[in-house]
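*Asks:* Work the whole structure out from these sequences, hints included.
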Amino acid sequence: DVKVTQSSRYLVKRTGEKVFLECVQDMDHENMFWYRQDPGLGLRLIYFSYDVKMKEKGDIPEGYSVSREKKERFSLILESASTNQTSMYLCASSPPLAGADYEQYFGPGTRLTVT
Amino acid sequence: KQEVTQIPAALSVPEGENLVLNCSFTDSAIYNLQWFRQDPGKGLTSLLLIQSSQREQTSGRLNASLDKSSGRSTLYIAASQPGDSATYLCAVPSGGYNKLIFGAGTRLAVHP
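Chains as they are written, first to last, in our numbering: chain X, 1 to 115; chain L, 1001 to 1112.
Check before you lean on any hint, since a few could be wrong.
What the hints assert, rightly or not - DEER-style ranges, computed between Cβ atoms:
1. L:Ala1010 x X:Ser8: 24 to 32 Å
2. L:Asn1018 x X:Ser8: 37 to 45 Å
3. L:Glu1017 x X:Met54: 45 to 53 Å
4. L:Asn1022 x X:Gly40: 13 to 21 Å
5. L:Gln1051 x X:Thr15: 41 to 49 Å
6. L:Pro1014 x X:Thr83: 39 to 47 Å
7. X:Met54 x L:Ser1059: 42 to 50 Å
8. L:Glu1003 x X:Gly16: 30 to 38 Å
9. L:Asn1018 x X:Glu103: 24 to 32 Å
Don't read these hints as lab results, they were simulated from the structure. Beta carbons: idealized from backbone N, C-alpha and C, even for Gly.
*Replies:* So this is what it looks like as structure tokens:
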């Protein structure tokens, strides 16, 4: 089975802190994604990566950066956490290229609270 | 721009009922459509993926259909159980690299 793991299930940080959210997948997938999920707004794509050291902005990249130094690991970085970044963060991975049978697999999520 | 809509937003039914959840999308040029389940406070679990060349997929009591020409998919749940209570999301890939566009979800409650 595909496994996507996230470093923390719950995280509480203070405003202005630098925050790292880690995601690891064990299926040798090229594509990895970071989404955030908020009530009433659904899931929104923050960043994605299609290869090591390659990244693309999603729909809401402001305030975030990412790092992908190894194929299996994709990190989301909040440079200076703010209260409006309190949210559920979901990591996902998928095989390369959009294709008919390519599924996207999700991790368990990290509930981040910024106070 | 692809948009995905799910109806109804919420559903509360007694145990044993057969259910239909609806998903519609505006751009029919999709590779596939994926249905997910999300329990409160948890991540997404993939339920079914229907390829664009298929009309339906089945897994246990779940059956998903796809009509690309009309931009619609339905998720049918047979003989619902309280353990089926969750939010169900549909999503379609858009813009390459398998980036997903999600619907807002249907929140299902099945009571004994």
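*Asks:* It remains to establish, for every hint, whether it holds in the given structure.
*Replies:* Quick rundown of the hints versus the structure:
Taken as a hint, the range 24 to 32 Å holds for the pair L:Ala1010 and X:Ser8, whose Cβ atoms sit roughly 30 Å apart. One distance hint, 37 to 45 Å for the beta-carbon pair L:Asn1018 and X:Ser8, holds here, with the actual separation near 39 Å. Between L:Glu1017 and X:Met54 the beta carbons are some 47 Å apart, a value that agrees with the proposed interval 45 to 53 Å. Evaluation of the 13 to 21 Å hint for L:Asn1022 and X:Gly40 yields a pass: the beta carbon distance comes to about 20 Å.
For L:Gln1051 and X:Thr15, the hinted distance range of 41 to 49 Å is satisfied, since their beta carbons lie about 46 Å from each other. For the hinted restraint 39 to 47 Å between L:Pro1014 and X:Thr83, the CB-CB distance of approximately 41 Å keeps it satisfied. Our hint of 42 to 50 Å for X:Met54 and L:Ser1059 is violated, since their Cβ atoms are close to 34 Å apart. The hinted range of 30 to 38 Å is satisfied by L:Glu1003 and X:Gly16, whose Cβ atoms lie roughly 36 Å apart.
For L:Asn1018 and X:Glu103, the Cβ-Cβ distance of about 26 Å falls inside the hinted range of 24 to 32 Å, so the restraint holds.
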